[in-house]
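Student: Residue numbers (our numbering), protein chains in the order written: chain A, 1 to 156; chain B, 1 to 156.
Source of the hints: derived by calculation from the structure; they are not laboratory data. Among the hints, erroneous ones may be present.
In silico lysine to aspartate or glutamate, EDC-like type, Cα no more than 20 Å apart, as pairs [claimed, not checked]:
(1) 134/B to 125/A
(2) 134/B to 154/A
(3) 147/A to 80/B
(4) 126/B to 154/B
(5) 156/A to 143/B
Part of the chain B face toward chain A, derived, beta carbon under 7 Å [unchecked claim]:
(6) 77
(7) 78
(8) 81
(9) 140
(10) 142
(11) 150
(12) 151
(13) 155
For each residue, glycine too, the CB sits at the ideal point set by N, CA and C.
There are 2 protein chains.
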Amino acid sequence: MKLAYLAKIPQAQAALRATGERVTEPRVAVLATLLSSDHAMSHLDVAAMVAKHHTIDRVTVYRVLDWLVGVSIAHRIAGDDRVWRFMLNPQASAQGAGKKTAHHAPSHAHAHFTCNTCGQTFCLDKVQPKMNVKLPTGFRTTEVDLKIRGLCAECK
Amino acid sequence: MKLAYLAKIPQAQAALRATGERVTEPRVAVLATLLSSDHAMSHLDVAAMVAKHHTIDRVTVYRVLDWLVGVSIAHRIAGDDRVWRFMLNPQASAQGAGKKTAHHAPSHAHAHFTCNTCGQTFCLDKVQPKMNVKLPTGFRTTEVDLKIRGLCAECK
DNA sequence: AACCTTTTTGCGACTCAATTGCATCTACGA
DNA sequence: TCGTAGATGCAATTGAGTCGCAAAAAGGTT
Ligand SMILES: [Mn+2]
Ligand SMILES: [Mn+2]
Ligand SMILES: [Zn+2]
Ligand SMILES: [Zn+2]
Numbered sequence: 001m002k003l004a005y006l007a008k009i010p011q012a013q014a015a016l017r018a019t020g021e022r023v024t025e026p027r028v029a030v031l032a033t034l035l036s037s038d039h040a041m042s043h044l045d046v047a048a049m050v051a052k053h054h055t056i057d058r059v060t061v062y063r064v065l066d067w068l069v070g071v072s073i074a075h076r077i078a079g080d081d082r083v084w085r086f087m088l089n090p091q092a093s094a095q096g097a098g099k100k101t102a103h104h105a106p107s108h109a110h111a112h113f114t115c116n117t118c119g120q121t122f123c124l125d126k127v128q129p130k131m132n133v134k135l136p137t138g139f140r141t142t143e144v145d146l147k148i149r150g151l152c153a154e155c156k
Numbered sequence: 001m002k003l004a005y006l007a008k009i010p011q012a013q014a015a016l017r018a019t020g021e022r023v024t025e026p027r028v029a030v031l032a033t034l035l036s037s038d039h040a041m042s043h044l045d046v047a048a049m050v051a052k053h054h055t056i057d058r059v060t061v062y063r064v065l066d067w068l069v070g071v072s073i074a075h076r077i078a079g080d081d082r083v084w085r086f087m088l089n090p091q092a093s094a095q096g097a098g099k100k101t102a103h104h105a106p107s108h109a110h111a112h113f114t115c116n117t118c119g120q121t122f123c124l125d126k127v128q129p130k131m132n133v134k135l136p137t138g139f140r141t142t143e144v145d146l147k148i149r150g151l152c153a154e155c156k
């Protein structure tokens with residue numbers, strides 16, 4: 001919880017400018033929101049936060065979120081409640097974020113933790129799922145997702 | 001693909017009787033369907049298969065599927081398309097399947113593989129995600145989910 | 001600064017998996 | 001055979017996410 005939306009706006013603008021793509025109010029607002037959170041946020045979470053300072057359509061929030069994933073600034077995490085949650089990629093603010101990639105960021109190889117009690121989802125950037133899994137013959141891996149459920153530090 | 005729905009009906013009935021719960025036509029039909037599949041099936045997959053032999057409401061199929069998860073005969077797998085897929089637990093036919101558990105079957109500790117091309121989801125019962133993951137202080141694990149995406153043997 | 005072209009946004013309608021409420025039916029123990 | 005807890009059918013509803021299109025920027029150019 002590093003609640004500091006307003007303070008994150010300049011950083012958001014800089015990161016967006018670095019992509020070479022258009023810097024718009026909805027993009028700044030959504031990115032600043034993600035920058036202010038230490039855990040993954042659903043579309044609804046983001047929209048609610050953004051609504052405190054702007055009037056932005058929910059469809060636009062959906063599209064901005066998808067766009068942020070496309071330009072490798074954020075990644076999306078599937079929840080057990082059929083809701084996507086979004087979080088910044090590890091070094092999103094520092095690096096210039098490469099061009100659009102098909103899916104996840106290439107550097108996105110960390111685990112996710114969801115607390116059974118508070119429902120919050122975190123990225124465990126330290127936990128590299130170095131799976132030396134033996135797949136059946138003929139199977140080829142392109143991506144690995146590790147999801148851990150349990151109790152977070154707050155809720156234990 | 002071991003397509004043999006009718007042949008699985010006695011086995012389904014036996015497994016259901018073993019739970020001590022009520023043995024109904026929808027339950028037999030849905031379980032026989034799952035028994036006849038080597039890969040995870042969506043609600044729609046199951047309903048379509050069942051419809052060839054019975055007239056069962058789609059809501060009932062939803063409820064039976066949930067019930068099968070509850071009594072630890074099957075487990076559900078979240079897809080990237082926001083659709084649940086269901087598959088029998090490893091030894092569902094042999095064991096007497098314990099009482100209702102809160103979530104996944106306790107013995108459910110295997111990985112899932114989804115093919116990017118054909119979309120089929122398989123359970124990799126051989127792949128035990130023996131994660132020696134280091135969680136942040138205070139975090140406690142209750143469940144680990146490993147999802148692998150790639151190309152299956154058929155599609156490669 | 002006015003202009004042009006390309007994106008992006010707002011809004012309404014829509015999709016579709018899954019859920020809910022409720023009346024009716026049924027599996028199965030007594 | 002009966003009684004009843006539990007299961008089913010049906011219609012309505014929820015809710016995340018998507019689509020089409022016209023109006024509104026963003027940002028480069030003159
Ligand atoms: Mn992550
Ligand atoms: Mn499985
Ligand atoms: Zn928690
Ligand atoms: Zn395949």
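Student: Look at each hint and say if it fits the structure.
Tutor: We went through each hint and held it up to the structure:
1. 134/B to 125/A: Holds, at about 11 Å.
2. 134/B to 154/A: Roughly 17 Å separates the two Cα atoms, so the pair holds.
3. 147/A to 80/B: Within the cut-off at roughly 14 Å; holds.
4. 126/B to 154/B: holds (19 Å)
5. 156/A to 143/B: holds (15 Å)
6. 77: Interface hint status for residue 77/B: violated (11 Å vs cutoff 7 Å).
7. 78: With a closest approach of 6 Å, the residue 78/B hint holds.
8. 81: Violated, about 10 Å.
9. 140: For residue 140/B, the interface hint holds, since the closest Cβ of chain A sits about 5 Å away, which is under 7 Å.
10. 142: holds (4 Å)
11. 150: holds (4 Å)
12. 151: holds (5 Å)
13. 155: violated (9 Å)
Taken one by one, the earlier hints fail for this structure at numbers 6, 8 and 13, listed in ascending order.
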